Amino acid sequence: MKNKKSLLSRGNRLAAPKAQLALLNDGPFADGRLPTFTEKLDQYNCGPLRPKLLEILQINLGYMCNQVCAHCHVDAGPDRKEIMTRSTLEDCLSVMRQHTIVTVDLTGGAPEMHPDFRWFVTQIRATTAVKEIIVRSNLTILLANKKFHDLPDFFVKNKVHVISSLPFYKKNKTDRQRGDGVFQQSMEALQLLNNKGYGRPDSPLLLDLVYNPSGAFLPGDQQALETDFKRALKTDFGIDFHHLFTITNLPISRFLEYLLASENYEEYMQTLVEAFNPLAAKNVMCTNTLSVSWDGHLYDCDFNQMLQLKISSSVDHIHNFELGKVQDRSIVLGQHCYGCTAGAGSSCQGSIA
Amino acid sequence: MKNNYYDPQDLKKFGSISDWQPELGDKFFAYYNSVFAEGELSAREKSLIALAVSHVVQCPYCIDAYTKDGLQKGIEKEEMMEAIHVGAAIKSGAALVHGVQMMNRHDQLSM
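Line order of the protein sequences matches chains W and D.
Note that the first sequence ends on residue 377 in the numbering used here; no numbers are left out.
Note that the second sequence ends on residue 330 in the numbering used here; no numbers are left out.
In case anyone wonders, no lab produced these hints; they're calculated from the structure.
Predicted model only: the values in this text are computed from it and were never measured.
Mixed in with the good hints, there may be bad ones.
[To be verified] Not everything, but these chain W residues come out facing chain D in the computed CB check (under 7 Å):
id: 1; residue: Phe241
id: 2; residue: Gly244
id: 3; residue: Leu249
id: 4; residue: Val297
[Said to hold, decoys possible] Derived pair list, reagent style DSS-like, types lysine-lysine, alpha-carbon separation capped at 25 Å:
id: 5; chain 1: W; residue 1: Lys306; chain 2: W; residue 2: Lys334
id: 6; chain 1: W; residue 1: Lys254; chain 2: D; residue 2: Lys265
id: 7; chain 1: W; residue 1: Lys254; chain 2: D; residue 2: Lys287
id: 8; chain 1: D; residue 1: Lys296; chain 2: W; residue 2: Lys197
id: 9; chain 1: D; residue 1: Lys231; chain 2: W; residue 2: Lys195
id: 10; chain 1: W; residue 1: Lys254; chain 2: D; residue 2: Lys296
id: 11; chain 1: W; residue 1: Lys197; chain 2: D; residue 2: Lys265
id: 12; chain 1: D; residue 1: Lys246; chain 2: D; residue 2: Lys231
id: 13; chain 1: D; residue 1: Lys232; chain 2: D; residue 2: Lys265
id: 14; chain 1: D; residue 1: Lys265; chain 2: D; residue 2: Lys296
id: 15; chain 1: D; residue 1: Lys287; chain 2: W; residue 2: Lys195
id: 16; chain 1: W; residue 1: Lys306; chain 2: W; residue 2: Lys183
id: 17; chain 1: W; residue 1: Lys197; chain 2: D; residue 2: Lys287
id: 18; chain 1: D; residue 1: Lys287; chain 2: W; residue 2: Lys194
id: 19; chain 1: W; residue 1: Lys194; chain 2: D; residue 2: Lys232
id: 20; chain 1: W; residue 1: Lys258; chain 2: D; residue 2: Lys296
id: 21; chain 1: W; residue 1: Lys194; chain 2: D; residue 2: Lys246
id: 22; chain 1: D; residue 1: Lys287; chain 2: D; residue 2: Lys310
id: 23; chain 1: W; residue 1: Lys220; chain 2: W; residue 2: Lys258
Note that beta-carbon positions come from the ideal geometry of N, C-alpha and C, so glycine has one too.
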């Protein structure tokens, strides 16, 4: 996959969430060869899924990104213009001030590309009781342009927890998934962060990496992969980091495009279904996380956001946020949810079972 | 009966061999799982050995399973191919070393 543009700008039919949902509900799930996700939950008495205590507010600042990764579930890229307004950012801050939100998880696109990114992080630190601010950084943005070069210092000052994608500890697999030159730039960015104290053993400046498979297979054991990553990055580049989170690729957006083009779709879905783990189903991230889209709508997770499956509540926008109403809901499910319950499970914080 | 001996779907039914002989089947799978657990050798090393042996015994089910297992464990394609060469070298070596037997027999029978 060498596409340099988003599905949207290529006019691909999968850019439309409805087309993705129709496809996911068709085929083996329509003709009964595979059980739907809801049927599977019922089989194990796990459904319906309902929220537990809300701890994490995951805010998608916009879909613009300096990279066009082959697996991206957001369909992000330089050609995406969706971006959160200052007014919606204010709404998010208001919710953080009024409720006990432990963690704010900033994602995108590349969240750092938002013109109000620094202001927003500073406001969270200065005016709310949020304990942890996560920035999901693609690393290359730190070197992309002079205006981003101060970001490592900014992260230090605001005690930002940096979580970065790195598909592999070697060049070929990383560049194949994320674009030519991404691996080398990622190594330089990690060294830059290390030099500021990030990722070093016992450092409070947290630097974690995210691994997702470069193809139609599930991630291996998180601990074993972390050991391999740590050994390789330390030996080859002198790089330290804290934890590796393994994330399963969900069959939506550009990864869905890849599955279809490589004729792996049905086998991959079958793999996800057969690897269903009821323990993972009880710990899925949508039970303690709420996802806010660039336009302020609320979703059970970032994946539902991309499929435009808003939360099942009379309140589905951050501007009208009411905790009681938002929490009194069933989580909206689809066949893509199998991605979070396969094997050791998957979440934005890695395996869950 | 299907018109082919090997069906990829059969790999997923491997566990059903216990249906007709549960005691031995269960013992086999318990043994199998213990063998592949982390031990003096890492699960990663064992996966590469399994991949090499899969080729030596020419088992398409095993090749499928341990290629996927290797990918999940972060084993690179070059490592996989190198492991297969180890298996191939032993297999071809095993054939060739019998050449000595041929030579011995030849000399014994010849004037």
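Requested in this report: Identify every previously stated hint that the structure contradicts and give their numbers, smallest first.
Outcome: 4, 9, 16, 19, 21
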